[in-house]
Amino acid sequence: MMQYRARLDHLSNLLVIMPLVTAVEHQPNHVHGDRMIKLIITDLDGTFLNSQGDYDRELFAKVGMLMAEKGVHFAACTGKQCERVEELFGEFSRDLWIVGDSATRIKYNGEYLFQSLIRNELGLRIINRLQEINPHHVVIACTPEGAIISANVPARLKDKIRNSYTNLTQVEDLASLQSDFVKITVYDEKGHCPQTRQGLVPFDNDVYIVVSEASWIDIADYGVHKGTTVQKLQEILQVGRQETMAFGDGYNDIELLAEAEYSFAMRNAFEETKAAANYITGTNDESAVQKTICRLLSLQS
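Numbering of the sequence shown is given in my numbering, commencing with residue 762 and proceeding in unit increments.
These aren't lab readings, by the way, just hints derived from the structure by calculation.
One or more hints might be untrue.
[What the hints assert, rightly or not] Distance condition first, Cα-Cα at most 35 Å in a straight line; then the derived DSBU-like pairs of lysine-lysine:
#1 K1035 x K919
#2 K993 x K919
#3 K951 x K921
#4 K951 x K799
#5 K921 x K1035
#6 K799 x K1052
#7 K799 x K823
#8 K823 x K993
#9 K799 x K1035
#10 K993 x K1052
#11 K1052 x K921
#12 K921 x K823
#13 K951 x K1035
#14 K993 x K831
#15 K1035 x K993
#16 K919 x K799
#17 K1035 x K831
#18 K921 x K993
#19 K1052 x K823
#20 K799 x K831
#21 K1052 x K919
#22 K1052 x K1035
#23 K1052 x K831
#24 K919 x K951
Based on the provided sequences and hints, a complete structural model is requested.
Shown next, in the form of structure tokens:
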């Protein structure tokens, strides 16, 4: 962990500031005056949300008040559809920055401030290739109008997909779609996505492809991922990397964590994600994101 020392030399040698946080190199026991936290970004599934896909709303009401008091922006960075994020946060969605649809869009108070699309012709070729590789996994074609799946997707899988997509429709043939694509996602209940990814290598120079976990693949416009879109959000808010805190657990969160000085991997994260973070916090089932925010912002004047 020697590589972390230079960038963390403003932090003390205190090893633990709370039971839920353990040391990667050093733990921050204060927030340096010229590095005040101004933006907090969190992944949702496996990070902010618990294993039931929910969160402690009573605690979040307190966290929200603390962030407002400190003048801190809060963002959800997720593969979920922006409308699904609004649904999850409900009354808390006001003034929530949403880096949604696998970071292909930025939405704030009902307005899209950024989106990057895969052109229709390219998207249809990718969908065709995915169907050739495995006719049994679910291809989710996301357009500006909503998410679309094949009419032959079983009800049990459709219910699973609805956990991430509020606007979801079905068509007989995905090849009939005429819109450009926000993203293309694969859900494979058997966890064969790493193998499926190998069959997509011919598209590596056309789109960004990430296996976020064994059952999910996300495909976005070339060069668009959580890291690049967070950079755009930082530009919009005029916030620097050294003023950003981020939380993640998956492979697709590694680029996100790279854009934050205060980067936290969950204890339940993949080992590669932990290695990319400056700190390790508790698990998603302990409300560790919210508790970490409370404790660190309480150190900020």
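Problem - Agreement of K993 and K919 with the hint, judged by alpha carbon distance not exceeding 35 Å - result: Judged against 35 Å, a Cα distance of about 33 Å means the pair holds.
Exercise for the section: Please work out if K951 and K799 have their alpha carbons no farther apart than 35 Å. Expected result: Given pair K951, K799 is violated - Cα atoms ~41 Å apart, limit 35 Å.
Practice task
Take the C-alpha atoms of K799 and K831, compute the straight-line distance between them, and say whether it is at most 35 Å.
Solution key: 8 Å, holds
Practice task
Take the C-alpha atoms of K921 and K823, compute the straight-line distance between them, and say whether it is at most 35 Å.
Solution key: Distance of about 31 Å is within 35 Å: holds.
Exercise for the section: Mind checking the alpha carbons of K1035 and K993 for me, to see if they're no more than 35 Å apart? Expected result: Between K1035 and K993 the Cα gap is close to 24 Å, so the pair holds against 35 Å.
Exercise for the section: Could you grab the alpha-carbon distance between K1052 and K1035 and see if it respects the 35 Å cut-off? Expected result: 19 Å, holds
Exercise for the section: Would you check the hint for K921 and K993, treating anything up to 35 Å between C-alpha atoms as holding? Expected result: Within the cut-off at roughly 31 Å; holds.
Practice task
Take a quick look at whether K919 and K951 sit within 35 Å of each other, Cα to Cα.
Solution key: 15 Å, holds
Handout entry: Holds or violated: K951 to K1035, with C-alpha atoms at most 35 Å apart
Key = 25 Å, holds
Problem - Distance restraint between K823 and K993, which requires alpha-carbon spacing of 35 Å or less - result: Given that 35 Å is the threshold and the Cα spacing comes to 28 Å, the pair holds.
Exercise for the section: Starting from K1052, check that the Cα of K919 is at most 35 Å away, please. Expected result: 34 Å, holds
Practice task
For the pair supplied as a hint, K1035 and K919, confirm whether the alpha-carbon distance does not exceed 35 Å.
Solution key: OK: K1035 and K919 at ~32 Å, within 35 Å.
Of the numbered hints stated above, those contradicted by the structure are hints 4 and 16, listed in ascending order.
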